[in-house]
Amino acid sequence: MPLEIITLPCLSDNYAYLLHNPETAETAVVDVPEAGPIREALKARGWRLTDILITHHHADHIQGVTELRAETGARVIGAAADAHRLPPLDLAVSDDDNLTVCGELAEVLDVSGHTVGHIAFYFPDAGAVFTADSLMALGCGRVFEGTPDMMWASLSRLAALPDDTMVYSGHEYTAANARFALTIEPDNSALISRSQAIGSARAAGRPTVPSRLSDERATNPFLRAGLPEMKQAVGLAGHPDAEVFAEIRRRKDQF
Numbered sequence: 001m002p003l004e005i006i007t008l009p010c011l012s013d014n015y016a017y018l019l020h021n022p023e024t025a026e027t028a029v030v031d032v033p034e035a036g037p038i039r040e041a042l043k044a045r046g047w048r049l050t051d052i053l054i055t056h057h058h059a060d061h062i063q064g065v066t067e068l069r070a071e072t073g074a075r076v077i078g079a080a081a082d083a084h085r086l087p088p089l090d091l092a093v094s095d096d097d098n099l100t101v102c103g104e105l106a107e108v109l110d111v112s113g114h115t116v117g118h119i120a121f122y123f124p125d126a127g128a129v130f131t132a133d134s135l136m137a138l139g140c141g142r143v144f145e146g147t148p149d150m151m152w153a154s155l156s157r158l159a160a161l162p163d164d165t166m167v168y169s170g171h172e173y174t175a176a177n178a179r180f181a182l183t184i185e186p187d188n189s190a191l192i193s194r195s196q197a198i199g200s201a202r203a204a205g206r207p208t209v210p211s212r213l214s215d216e217r218a219t220n221p222f223l224r225a226g227l228p229e230m231k232q233a234v235g236l237a238g239h240p241d242a243e244v245f246a247e248i249r250r251r252k253d254q255f
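FYI, full-length UniProt numbering numbers position 195 of the sequence shown as 195, with every residue one higher than the one before it.
Heads up, some of the hints might be wrong.
[To be verified] Ranges of calculated distance between the beta carbons of each label pair, as one might list FRET restraints:
1) Arg45 to His239: 47 to 55 Å
2) Ala25 to Leu99: 13 to 21 Å
3) Thr147 to Gly46: 39 to 47 Å
4) Gly238 to Pro9: 41 to 49 Å
5) Glu229 to Ala59: 17 to 25 Å
Hint data in this document are derived by calculation from the structure and do not stem from the laboratory. Think of the CB as a built atom: it goes at the ideal place given N, C-alpha and C, for glycine as much as any other residue.
Please build the complete structure, drawing on both the sequences and the hints.
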């Protein structure tokens, strides 16, 4: 049976994700912005938490870990490179490590840029990647600790996953990201359609994540920085991809 994945709103605009394998009765959570919504979701479904997966050290992704671990005894998994600023880890992982979570293969991807040591968890059999603040729906995280070259390399790596991969990112920023994307590519028909769908979803109180990777490639300006038409749109025709990405990120930071 496939993994069941539940999107849980936390804080003001964060998401955590529950992953449940009904055959093994194992349940994992990706990031713990706060313990309350996760505890309530587990109780409502009668699930037992076995694993806590951490993507990066920012407080709005880890501040509920200690409380939830004390309540459940769940195994805490995070990046070895970030261990000095994460809650204590039961399993420290590195780029390209493979592990079993909820009975399924999970691949660890270093996606540094937003922070150094940021990781994503890719579940190839489930067709799901948990990207937190690296690749986001119609956007990407600010480059706080890394460099534009580093972030572009991370985004390019994620963009190389299969088209039908579902991207589970860390925040509900999609409507604002769509407004920005339209300033870069106002005539992108796929982007126009997606922006309208996002507006309808938010008006109905529905999350806009996860998103399909093929849709990100077609509409997310940060993934499209290597395309000639995008380079032309930002006045950098013929320039290196990472330089174009940096210009798009600069514009978004000032948007």
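Consistency of the hints with the structure:
| no. | hint | verdict |
| --- | --- | --- |
| 1 | Arg45 to His239: 47 to 55 Å | 50 Å, holds |
| 2 | Ala25 to Leu99: 13 to 21 Å | 18 Å, holds |
| 3 | Thr147 to Gly46: 39 to 47 Å | 46 Å, holds |
| 4 | Gly238 to Pro9: 41 to 49 Å | 43 Å, holds |
| 5 | Glu229 to Ala59: 17 to 25 Å | 39 Å, violated |
Consistency note: the structure conflicts with earlier hint 5 alone.
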